[in-house]
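Undergrad: Each chain is listed here by its residues.
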Amino acid sequence: MRRLLTAAIAGLLPATSAMADPVMGGRANIVVQPEPPSLMLGLVQNAPTQMVAGNIYEGLLRYDTKLNPMPSLAKSWEISEDGLTYTFHLEDGVKWHDGTPFSSADVVFTADVFLRESHPRFRAVLAHVESITAPDDNTVVFKLKSAFGPFLNAFEVGSMPIVPKHVYEGTDFATNPANNTPIGTGPFKLDEWSKGSYIKLVKNADYWDEGKPYLDEIYWHVIPDAASRAVAFETGQVDILPGGSIENFDVPRITALENTCSTESGWEFFGPQSWVWMNNRQGPTASKEFRQAIMYAIDRDFVRDALWNGMGKVSTGPFAGSTRFYDASIAPFSYDPEKAKELVKASGYDGEVLEFVPMPYGETWMRLAEVIKQNLSDIGVNVDIVSTDVAGWNKRLSDWDFDLSTTYLFQYGDPALGVARTYISSNIAKGSPWNNVAGYSNPDIDALFEKGAGTINTDERAAAYTEVQRKLAEDVPVGWLLDMGFPTITRCNVKDLITTGIGVNDGFKNAYIEK
Amino acid sequence: MKIITRIAGRLVKAAIVLLAILVLNFLLIHSAPGDPATVMAGEAGATDELFLEQLRIKFGLDQPLYVQLWKYVSDVARLDLGFSYRQQMPVLDLILDRLPATLLLTGSAFLVSLVLGVLAGVLAASRVGRWSDTLISTVALIFYATPLFWAALMGVLLFSVTLGWLPPFGFETVGAGYTGMARAMDIARHLVLPAVSLGLFFTAVYSRMTRASMLEVSQMDFVKTARAKGLSPRLIQRRHVLRNALLPIVTLAGLQAGQLVGGAVLTETVFAWPGIGRLMFEALAQRDYNVLLGVFFVSAAMVIVFNMITDLIYGIVDPRIRVQ
Numbered sequence: 000m001r002r003l004l005t006a007a008i009a010g011l012l013p014a015t016s017a018m019a020d021p022v023m024g025g026r027a028n029i030v031v032q033p034e035p036p037s038l039m040l041g042l043v044q045n046a047p048t049q050m051v052a053g054n055i056y057e058g059l060l061r062y063d064t065k066l067n068p069m070p071s072l073a074k075s076w077e078i079s080e081d082g083l084t085y086t087f088h089l090e091d092g093v094k095w096h097d098g099t100p101f102s103s104a105d106v107v108f109t110a111d112v113f114l115r116e117s118h119p120r121f122r123a124v125l126a127h128v129e130s131i132t133a134p135d136d137n138t139v140v141f142k143l144k145s146a147f148g149p150f151l152n153a154f155e156v157g158s159m160p161i162v163p164k165h166v167y168e169g170t171d172f173a174t175n176p177a178n179n180t181p182i183g184t185g186p187f188k189l190d191e192w193s194k195g196s197y198i199k200l201v202k203n204a205d206y207w208d209e210g211k212p213y214l215d216e217i218y219w220h221v222i223p224d225a226a227s228r229a230v231a232f233e234t235g236q237v238d239i240l241p242g243g244s245i246e247n248f249d250v251p252r253i254t255a256l257e258n259t260c261s262t263e264s265g266w267e268f269f270g271p272q273s274w275v276w277m278n279n280r281q282g283p284t285a286s287k288e289f290r291q292a293i294m295y296a297i298d299r300d301f302v303r304d305a306l307w308n309g310m311g312k313v314s315t316g317p318f319a320g321s322t323r324f325y326d327a328s329i330a331p332f333s334y335d336p337e338k339a340k341e342l343v344k345a346s347g348y349d350g351e352v353l354e355f356v357p358m359p360y361g362e363t364w365m366r367l368a369e370v371i372k373q374n375l376s377d378i379g380v381n382v383d384i385v386s387t388d389v390a391g392w393n394k395r396l397s398d399w400d401f402d403l404s405t406t407y408l409f410q411y412g413d414p415a416l417g418v419a420r421t422y423i424s425s426n427i428a429k430g431s432p433w434n435n436v437a438g439y440s441n442p443d444i445d446a447l448f449e450k451g452a453g454t455i456n457t458d459e460r461a462a463a464y465t466e467v468q469r470k471l472a473e474d475v476p477v478g479w480l481l482d483m484g485f486p487t488i489t490r491c492n493v494k495d496l497i498t499t500g501i502g503v504n505d506g507f508k509n510a511y512i513e514k
Numbered sequence: 000m001k002i003i004t005r006i007a008g009r010l011v012k013a014a015i016v017l018l019a020i021l022v023l024n025f026l027l028i029h030s031a032p033g034d035p036a037t038v039m040a041g042e043a044g045a046t047d048e049l050f051l052e053q054l055r056i057k058f059g060l061d062q063p064l065y066v067q068l069w070k071y072v073s074d075v076a077r078l079d080l081g082f083s084y085r086q087q088m089p090v091l092d093l094i095l096d097r098l099p100a101t102l103l104l105t106g107s108a109f110l111v112s113l114v115l116g117v118l119a120g121v122l123a124a125s126r127v128g129r130w131s132d133t134l135i136s137t138v139a140l141i142f143y144a145t146p147l148f149w150a151a152l153m154g155v156l157l158f159s160v161t162l163g164w165l166p167p168f169g170f171e172t173v174g175a176g177y178t179g180m181a182r183a184m185d186i187a188r189h190l191v192l193p194a195v196s197l198g199l200f201f202t203a204v205y206s207r208m209t210r211a212s213m214l215e216v217s218q219m220d221f222v223k224t225a226r227a228k229g230l231s232p233r234l235i236q237r238r239h240v241l242r243n244a245l246l247p248i249v250t251l252a253g254l255q256a257g258q259l260v261g262g263a264v265l266t267e268t269v270f271a272w273p274g275i276g277r278l279m280f281e282a283l284a285q286r287d288y289n290v291l292l293g294v295f296f297v298s299a300a301m302v303i304v305f306n307m308i309t310d311l312i313y314g315i316v317d318p319r320i321r322v323q
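Chains A and B, in that order, are what the protein sequence lines are.
Note that numbering that gives the first Met the number 0 gives residue 334 to position 335 of the first sequence, counting from 1, and the numbers run on in steps of one.
Note that numbering that gives the first Met the number 0 gives residue 81 to position 82 of the second sequence, counting from 1, and the numbers run on in steps of one.
You may find that some hints are simply not true.
In the DSS-like style, the derived pairs of lysine-lysine whose C-alpha atoms are separated by at most 27 Å in a straight line are [stated by the list, open to error]: (1) A/K429 with B/K57; (2) B/K57 with A/K164; (3) A/K494 with A/K470.
Read the hints as simulated data drawn from the structure, not as lab findings.
Model, not experiment: these values are computed from the prediction.
So here's chain B without its partners, still in its complex pose (with noise of 0.2 Å):
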């Protein structure tokens, strides 16, 4: 019983959110110069008054911005995230049809950095001092570094244009009509750059915290307790040292899940990954106002969801975690 109040106060909560999330963006996005009207003029070359005109009341940008506003959350109420007459797409198709392409590739890039990254934070605390420390630990200050669109270019140098390994971009070969497994098989190589490119910085991010997060449980007096006992090494590794170094990882992990939606941009720019990243990008550029506001919304919504979901599992990890 009390698990249901407690749930749906944080829902409430997460609504009251949104909602300020919502007419932010919208008073935000509608304070930047230039409407959509005039971008479609403008790409068109030529226009006169009456173009603009038309193609204004067909965006409702006639109406006074409270009116606008209103009519905007009362649709987004309904789950109505609007139309988007550019692409002559109602938002939400446009937002669902993009949506597994970005989920696909950010959630490829968060596993593969937390797998990685932990492991290598476990190898190089468990030989702290010794060469294959100094080895993990350069090279995920390098990749820290790294701008992204740097990695990815030098990525599809490399392995695209030299070697001819793996495609340079896209989400899978066009026109190659494969189905099933092979065309499983097609995406999965295509996923490849693009994936590792984003994961890279979240990877030597959770190396380093795991490392020095492992280091610094390990120095505790339950630590000691246990090899006293003379429980094995790899035990305590585990069973004590990792499991709470765990809880900064797992802050950090929520915060990258809180970028599955909407943070690949650049990724999905330099790749042509039809995720949506790159929607938003152009619909910014465009001023395509509601499907800005949709991927926005879209977006805040999944990381309220993910914060809830670090709150639970940090009570799995530590039970003296309680969620309030």
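Isolated chain A (complex conformation) (with noise of 0.2 Å):
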């Protein structure tokens, strides 16, 4: 029937169809930003280190731009009853770069052993997890101590890369000389890193899903100017820009040229979203009117269509859209200076001169800074905008140095894995830039948080969650800005590159370039 179904349509649309067809070979051009330290995505989970090392490494699983689990290594899965036991049933025939067979030893040893030593975020994640076992070479056994909800959303490649038994058994991971050259699963392998300018990645040729992928090899450029990456992509050097490339003024201008096209998809997963951080412990942000204040103060419609070009959606609360339990019902917070300068009257302050550290990530975030400042001296409060660079910053927002700051962070699908961590206390610990840095503190709210996790029922945790929701909009511990839009710009021939929820990260397995 489904044979039939295509037939048809191909008959109706034949043109169409003949493109759809993938097209083998080619080579993709594509810009890094930074350059990685690394591409050891088991040891180093930076942004482009994840970019880049997607396409060496894989992960049990991926996740459609729904947030729904798809096959990865693991081709099926099992999930008990009572939520406690996932079968992981992995993929035959599959290889490592070095030709050594990838079998369910690797994955334990992943889990168990390696990423429980070098993976803050996943090491959060196997503190749920009772034991991981291989009751033989395709099968993998995780046990929970208890039931946690977001445990299915743990296995895509960045956040659990499955690397070589054989290569690390018994060695000083950190300093293992095959750090430099990366063994994984994944489509492609790394060919040539001149540091400076360019990683060279080929085609696997023994890849195990056969037929992919079909570019032979990609380049990625490290250019360090964001005005030279937007002319390497005017020039013709470079045929993609990751979402973040280029100065979102520059966005226009670009996704203007001919034969250019730009999605805003393959951000879902990761779910970023903007905020103002507000130092719950002191001064006059410690007061909840106060904080109600400043989200009725910032304009945030104009910060979304003067500063990021119109991408991205203003934000309704701790959940970004893209994230698992979102509630669209809740109010949202309007722009109102008039209500923002009772509820500052109100919170008792006296004037004061708020230190606002913000963060130092380009043009773009300086100028909210200034925007901010403006809206916050609109109704009355006076800021001092402190200037750092990104150690500074770190520095000063670990050590709670700070009123007011700005920042980004991803939600990772789930609110357990990346909405909570921001909001309950017992993730307030000085020394990292993001953790609960606010100092926000609210046993309810903890108990919400805990009760959302520790369940697999949907419908228990869809109710624990809309409630945090609700509670955290009436206490603005921090004060939302917007779910950011990341245009991923390609010439108009670069095909199926995105395809997951986590786009660019997820390798480019499926891409292809038409003729």
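Reassemble the complex: the two chains are provided individually, in unrelated frames, and hints are given to aid placement.
TA: See below:
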């Protein structure tokens, strides 16, 4: 029946059907910025590493743009009734890039030994795991201590890259010389890395997913200057600009070029959301009314339209729109300076000057800081912008030495994985700029997040998370700005580059270049 | 014999200066807020205490500062510049890897600006007051005042985007697989825009300096004497005026030569040139202490070497000057 249907459609639209056939061969030229420190994804998880190494390593699962799990190294899986046992059946005939066969022992080693030592984000997930065993070469069983709702969302390549046991077992992982020649199971292999210039990946001819990948090679060009990256696309040196490669003010100009396509898809899993950090411990920002005032004072539509060229959506609360259990019924904050002024008055603000340490991530973020300063001065709140570099900013935030700041964080598809960390009390710890830096502490919220994570019953989870969203929107521990949109810009003949919820980071397994 | 003791004396002085630079740099860098562990954790977007602790132990940051300093200085004394955990490579390898690109870029800029600048200066001085003098002086003034990054971007806009004559950035055409002569030509084409933008400022300085210096010398008595003797104006210009006018140029050239290593951060960034300036800048942003110190150390050593060379050249240009 299915074949018949396809034939019928093909008959109706011969041209479209012919175009949909992937083309073998060719090269993709893409920008990476900054240069990754290393491509060993098990040890280093910063954004550029994930983007390049997502072609070299693979996870057990992938996720579509609705965040539903799809097979990758695991071709199928079962979850027991009580939600405590997860059984994964692995793909047959998978080989590491050095020719050694891949087996369940690699998965057990990766999860139980390697990532437990080296991957902070996955380590947090592993805290819920009682045991990881391999009953046979192609099966892996995870037994949990107690039900953990988002467990099936934690197997994407950046969270759990499978690393080769035969290369790493018994070595010092951090100094293993193999880190410079990463061995994965992915569709592409590292061929050459000319530091400061480019990284070249070539097709893995032995790839387990027969017929893939289509491309012969990928060149990742290291171009440190944002204007030069735009020029690189304009003059044809590169064909793909991943989200965030060029300054926002260049996006309209570049996307208007001939033969240029762009999409905001491919960020659903990460759900990047920007906000204003507010120090809940001390000063005016310790007051709830004052924090609400800031939410009403910032003209977020203007921020989106003027600074981000209309990309992204104004956030309604602590969950980005693409995150699971997002509740659209919660009333969003509007831009209302009058109301903000009343709230400031109610908070007993005495004109104290707040220290604002904006995130130093490029021009747009500096402009954002200026807009916020202006918006706050409109309601009578005095702000001093303190400039730092990235390391200095990390330090100030980690030491809680700020009144206001800006940031954006990934939500990793599920509130238990990416959202809870910002608001739960157990995550207040000096020394990191990415945990509960605001110092917000509320036992009700802690309990609700725990309830939402501690079951696989979707309805129960939804109920807990709706409650969380309502309460947080009332308390405003941080000032939510935008669910950010990052356009991936390509020549229109680059096809199927983005097919999953992690976009470019998922590797170029399906991508091809139309002749 | 005397010359050997003199050189030995200078070397001892140089070593002391280097040591002082090393210690000072070390202390300055470590007093900047933030450390590589938080930067790496920050880039990963998530962390916990254990992870930061692991990183700090790996980087040796858990040790007291004087222990770290002593270890660093004694390592450098053995010509071991340390290891970059961030880049997973020994610092010396990283630097040697990037140094040729920087030397090629800054060396070309040096030659271009020296030759063009002195020629333009001589030309202007010999036609003082005429339109060609005014033209050269004006152009030099404009180059002198133009910010480097702006000149670079305008160059890219005109010669790469609009005219399509020159590649906008990079060291060579990536993936083209050129070898031998074809590769050299390819690199040369890539070199034009960055070297010219980097050299503009010094071209202007040399030409103005040469012009002024030539005019000053040509008023002196011995030049008048030479003229009175009936020597040809060309010979006077070359032998009497230019040679004596060269001293300040040598001083300046020594300064520029000191910047050959590590002096091209901006140009290398705009043109994605895989050199040492960018390496240094990135290491600064990432608090990659060992790389940063390594680049500083190598640059300082080069400055000292170029200073010595400059002193020797003084002696050649004007034999009355003796290196003390």
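Undergrad: Each hint should be assessed against the structure and marked as holding or not.
TA: Hints, one by one, checked against the model:
1. A/K429 with B/K57: holds, 20 Å
2. B/K57 with A/K164: Holds, at about 23 Å.
3. A/K494 with A/K470: Roughly 43 Å between the alpha carbons, so the hint for A/K494 and A/K470 is violated.
Checked against the numbered hints above, the structure violates only hint 3.
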